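Here the protein sequences line up with chains A, B and C, keeping their order. This note's numbering applies: residue 64 is where the first sequence begins, and numbers increase by one. This note's numbering applies: residue 64 is where the second sequence begins, and numbers increase by one. This note's numbering applies: residue 64 is where the third sequence begins, and numbers increase by one.
These aren't lab readings, by the way, just hints derived from the structure by calculation. Among the hints, erroneous ones may be present.
Intra- or inter-copy, both count: the list cannot distinguish identical chains.
[What the hints assert, rightly or not] For lysine-lysine, the following DSS-like pairs were computed, each having C-alpha atoms within a straight-line distance of at most 25 Å: (1) Lys-112 - Lys-65; (2) Lys-106 - Lys-254; (3) Lys-248 - Lys-106.
As the structure is a computational prediction, the values presented were derived from the model and not from experiment.
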Amino acid sequence: MKLSEIAGRLNCRLAGDGDVEIVRIAGIDEAGQGDLTFVSNRKYVSHIKTTRASAIILGDDIPPVDIPSLRTDDPYLAFARALELFFVPREPDPGIHPTAVIAEDAQIGAGASIGAYAVIGSGCTIGERVTIHPHVVLYPEVSIGRDCVLHSFVTVREDCVVGNRVILQNGVVIGGDGFGFAPTKTGTFYKICQTGRVLIEDDVEIGANTTVDRAAVGDTVIRRGSKLDNLVQVGHGAQIGEDCVLAAQVGVAGSTRIGSRVMVGGQVGFAGHLDVGDGAIITAQSGTSHDIPAGGVVSGSPAFENAAWLRSTAIFPRLPQLMRRIRDLEKEVRQLKNIVENQENRGD
Amino acid sequence: MKLSEIAGRLNCRLAGDGDVEIVRIAGIDEAGQGDLTFVSNRKYVSHIKTTRASAIILGDDIPPVDIPSLRTDDPYLAFARALELFFVPREPDPGIHPTAVIAEDAQIGAGASIGAYAVIGSGCTIGERVTIHPHVVLYPEVSIGRDCVLHSFVTVREDCVVGNRVILQNGVVIGGDGFGFAPTKTGTFYKICQTGRVLIEDDVEIGANTTVDRAAVGDTVIRRGSKLDNLVQVGHGAQIGEDCVLAAQVGVAGSTRIGSRVMVGGQVGFAGHLDVGDGAIITAQSGTSHDIPAGGVVSGSPAFENAAWLRSTAIFPRLPQLMRRIRDLEKEVRQLKNIVENQENRGD
Amino acid sequence: MKLSEIAGRLNCRLAGDGDVEIVRIAGIDEAGQGDLTFVSNRKYVSHIKTTRASAIILGDDIPPVDIPSLRTDDPYLAFARALELFFVPREPDPGIHPTAVIAEDAQIGAGASIGAYAVIGSGCTIGERVTIHPHVVLYPEVSIGRDCVLHSFVTVREDCVVGNRVILQNGVVIGGDGFGFAPTKTGTFYKICQTGRVLIEDDVEIGANTTVDRAAVGDTVIRRGSKLDNLVQVGHGAQIGEDCVLAAQVGVAGSTRIGSRVMVGGQVGFAGHLDVGDGAIITAQSGTSHDIPAGGVVSGSPAFENAAWLRSTAIFPRLPQLMRRIRDLEKEVRQLKNIVENQENRGD
Numbered sequence: 064m065k066l067s068e069i070a071g072r073l074n075c076r077l078a079g080d081g082d083v084e085i086v087r088i089a090g091i092d093e094a095g096q097g098d099l100t101f102v103s104n105r106k107y108v109s110h111i112k113t114t115r116a117s118a119i120i121l122g123d124d125i126p127p128v129d130i131p132s133l134r135t136d137d138p139y140l141a142f143a144r145a146l147e148l149f150f151v152p153r154e155p156d157p158g159i160h161p162t163a164v165i166a167e168d169a170q171i172g173a174g175a176s177i178g179a180y181a182v183i184g185s186g187c188t189i190g191e192r193v194t195i196h197p198h199v200v201l202y203p204e205v206s207i208g209r210d211c212v213l214h215s216f217v218t219v220r221e222d223c224v225v226g227n228r229v230i231l232q233n234g235v236v237i238g239g240d241g242f243g244f245a246p247t248k249t250g251t252f253y254k255i256c257q258t259g260r261v262l263i264e265d266d267v268e269i270g271a272n273t274t275v276d277r278a279a280v281g282d283t284v285i286r287r288g289s290k291l292d293n294l295v296q297v298g299h300g301a302q303i304g305e306d307c308v309l310a311a312q313v314g315v316a317g318s319t320r321i322g323s324r325v326m327v328g329g330q331v332g333f334a335g336h337l338d339v340g341d342g343a344i345i346t347a348q349s350g351t352s353h354d355i356p357a358g359g360v361v362s363g364s365p366a367f368e369n370a371a372w373l374r375s376t377a378i379f380p381r382l383p384q385l386m387r388r389i390r391d392l393e394k395e396v397r398q399l400k401n402i403v404e405n406q407e408n409r410g411d
Numbered sequence: 064m065k066l067s068e069i070a071g072r073l074n075c076r077l078a079g080d081g082d083v084e085i086v087r088i089a090g091i092d093e094a095g096q097g098d099l100t101f102v103s104n105r106k107y108v109s110h111i112k113t114t115r116a117s118a119i120i121l122g123d124d125i126p127p128v129d130i131p132s133l134r135t136d137d138p139y140l141a142f143a144r145a146l147e148l149f150f151v152p153r154e155p156d157p158g159i160h161p162t163a164v165i166a167e168d169a170q171i172g173a174g175a176s177i178g179a180y181a182v183i184g185s186g187c188t189i190g191e192r193v194t195i196h197p198h199v200v201l202y203p204e205v206s207i208g209r210d211c212v213l214h215s216f217v218t219v220r221e222d223c224v225v226g227n228r229v230i231l232q233n234g235v236v237i238g239g240d241g242f243g244f245a246p247t248k249t250g251t252f253y254k255i256c257q258t259g260r261v262l263i264e265d266d267v268e269i270g271a272n273t274t275v276d277r278a279a280v281g282d283t284v285i286r287r288g289s290k291l292d293n294l295v296q297v298g299h300g301a302q303i304g305e306d307c308v309l310a311a312q313v314g315v316a317g318s319t320r321i322g323s324r325v326m327v328g329g330q331v332g333f334a335g336h337l338d339v340g341d342g343a344i345i346t347a348q349s350g351t352s353h354d355i356p357a358g359g360v361v362s363g364s365p366a367f368e369n370a371a372w373l374r375s376t377a378i379f380p381r382l383p384q385l386m387r388r389i390r391d392l393e394k395e396v397r398q399l400k401n402i403v404e405n406q407e408n409r410g411d
Numbered sequence: 064m065k066l067s068e069i070a071g072r073l074n075c076r077l078a079g080d081g082d083v084e085i086v087r088i089a090g091i092d093e094a095g096q097g098d099l100t101f102v103s104n105r106k107y108v109s110h111i112k113t114t115r116a117s118a119i120i121l122g123d124d125i126p127p128v129d130i131p132s133l134r135t136d137d138p139y140l141a142f143a144r145a146l147e148l149f150f151v152p153r154e155p156d157p158g159i160h161p162t163a164v165i166a167e168d169a170q171i172g173a174g175a176s177i178g179a180y181a182v183i184g185s186g187c188t189i190g191e192r193v194t195i196h197p198h199v200v201l202y203p204e205v206s207i208g209r210d211c212v213l214h215s216f217v218t219v220r221e222d223c224v225v226g227n228r229v230i231l232q233n234g235v236v237i238g239g240d241g242f243g244f245a246p247t248k249t250g251t252f253y254k255i256c257q258t259g260r261v262l263i264e265d266d267v268e269i270g271a272n273t274t275v276d277r278a279a280v281g282d283t284v285i286r287r288g289s290k291l292d293n294l295v296q297v298g299h300g301a302q303i304g305e306d307c308v309l310a311a312q313v314g315v316a317g318s319t320r321i322g323s324r325v326m327v328g329g330q331v332g333f334a335g336h337l338d339v340g341d342g343a344i345i346t347a348q349s350g351t352s353h354d355i356p357a358g359g360v361v362s363g364s365p366a367f368e369n370a371a372w373l374r375s376t377a378i379f380p381r382l383p384q385l386m387r388r389i390r391d392l393e394k395e396v397r398q399l400k401n402i403v404e405n406q407e408n409r410g411d
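Modelling step: build the complete structure from the supplied sequences, incorporating the hints.
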């Protein structure tokens, strides 16, 4: 495809030779002849000079470059769309595989694809054009919206509800029992029935082997547009707002409510029963047992305001030096005191 | 069901109108007309005034309230039992699904339910009334006790032993190979056969996608009554005592022995070959490469005594202030020293 | 088997009675009559006196002991090999299980074993003597080398390539979609097609429920001989070098490149786009958003040089004491200042 045509399709400004023939999208270091590459992360601007790509997608703010470029105010989105011009996703096999075990009363939407060995429980509803890959298990009374994709080894447990255009990567567990036990007087734990549901709203994507638990009462909810990475844990009764991003291995304990547009770095932990305000940012490996206000940016374990945390962590490696300085001060003050007391005595 | 009847069944003291008709158990903020709610977490006591529930389960120590209440010294356990009065768990399909692949010499107890596409290996024994959901794999020579529930995509590997009334949530892996490799002189790693077993004792529950590894020699053991949340890792040869609680994403490295009634917060990490005493508490995100004494309460990474940790973490955000104070002291001491030395010189 | 014969097979020096009959390999505390045990971890040297084992494998550097011993400069490797003398691994069922769903154009190597309900997609190639346990899913166009073992509930997604002698424990997901979304002006996230592959080179082992993501463009690579424990996350486009060891629950964010022979402790987190040099060691629970030089040993979150970190963490519990000492100093300096100023005034 000619670069000029790509420019038109992506609504980018063309700078340089539009007749260059593009056959592939590639990373800046891997790209070669015929490849269109991109820079959206500042870290890679210096790689522009050495790339062997035939053309490059760049932000409007990057100075002119030697190779043909497509200019836009959003190079990352343009890259995402460019990929789609060249990538032909594999069509799932149409229809229902003969080995799928589907309850008689389950309702399957038009155009759905159901793979080998899928098990669809009684009372389930599956929307139009849903792709169920092989080896997916829906327990009874599950509802899946339109245009969803459920990958192999996904489980959706009884009564849970999944919206439209939801993507569940391989091994996701929706609606496993919440971790609820009442301690008894003999020191054992009494299991609390987990009778609630999990609701996954539209346009959510959930990463491989992530688990979202059901609660004893009430719903665990992931709201519209939120994206959860792999190996994330969402506890019973937690709520994740709209358009949140939770990186891999994050843990959200039970009943915690996370607002909208919250960004959570990898391996962050939230204690239970917290409120995290809209737009908050929690950096990687932080942990908190306190609420976080809307717009707050916090770090550390226990977490506090990010700018202050940066200052404290910068000093932390110098603690031995601080220790020495205190010791030196103590020595000097002791000496001074001796001198001054001698002077006082002499002065008497 | 009338509130007075619920009071009787739960052995609670009734305060207020016992004729109120209860149709559901619900959380304090979601509850409405006909709902029985509860407060067991102090954090929610203030919500009692605003709940629209028709009645409430409360501890004996909470002052009188405006709505009918059920009083008990253990409101959480009463709530757990109240739930069971209203929740009818779905019965698994009886018998063995025709698609299950069951070795000829496997023994299946009376009343067991085995779901679609389960695979039961040679020499396996499954106790009475066990529920094996669809898509469970038991490798050869596995023993499962009575009244267990194994959810979809559970694997129990060869030779492992599971006790009675054990619940394995979806995706649990029991008996994967331990992470054992001997370094060779050329810098590669030589795999050590993992010939041990995993033993899961009675009344254990294990959360979704949690992994419990087998060891090279000897058994990895989870003792009676312990509860593990989702995405927990238990390394080869580790032992977890009785009635322990391990929250989500905890990691226990190989050969570590955890005593009984130990409480472990989310994302905690234990190095290998440690001893953790009975009744110890390790708060969330802590990490230790040292033994923890019985009854110890520790926090932080590296972990130390919790009360001291609370004091240190309270100071940590003020490190820049401490730094300034040291700098100011140094300046003042320098000035004082100058003055004093001048005085000394004058005094000479 | 006689101890003398074992000595010969393992190339160990025999000390003591070679006629002892050995029937099993066992841990030092569990071993009894007829057992051969070993000590490779210094922590267990003191257990030699109390073991009831009939013989023991020991390093050349350990002083003489009372029971017959096999001496070697590498007791851990000798132990690994001793295990193989007594452990007969279960042979997988030969051939292809009739319930396996295998695409017509898939190529299966001689001697491969394919278990019940495995699903092998179109265009897949499986090497000789591969063991595919029940319930493995290979998406289309996957290539698996020779002598691999894929355990139950492993998924290898479309186009991914697995080398020779690779072991994938239960529930591993290779090639799930990377966590790539472009933010839009309305605050939603636009999914970026993940068109890259995952390449797993020869002799890699990957632990249960670990996930390795594919990237938008380019390959995610795990190089020859590296070992990943359970519940590890490898992000899109990351590269792990040769002979690395990643302990459980480690997270490697996208595009990070880890060199060769890097040792990573449990629950460590790497931010994206980093370079970690050959031979680096990152201790458990550390986290870094900075590059790590070759041979670097780092700890903490944020991580810095391990020896300095040990010193700082030793001081951290004494922060309250430091605080008091600063307060005392301030008081003393204030008093001294008063005295000195009085002296000055008097001196005037």
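Evaluation of the provided hints:
Taking the closest pair of Cα atoms, Lys-112 and Lys-65 come within 25 Å of each other only inside a single copy of the chain (22 Å); across copies the shortest separation is 68 Å, beyond that limit. In this homomeric assembly, Lys-106 and Lys-254 come within 25 Å of each other (Cα to Cα) only across copies, at 22 Å, whereas the closest approach inside a single copy is 51 Å. For a Cα distance limit of 25 Å, the shortest separation of Lys-248 from Lys-106 across copies, 23 Å, qualifies, whereas the shortest one inside one copy, 58 Å, does not.
Figure legend: structure checked against the earlier numbered hints; every hint is met.
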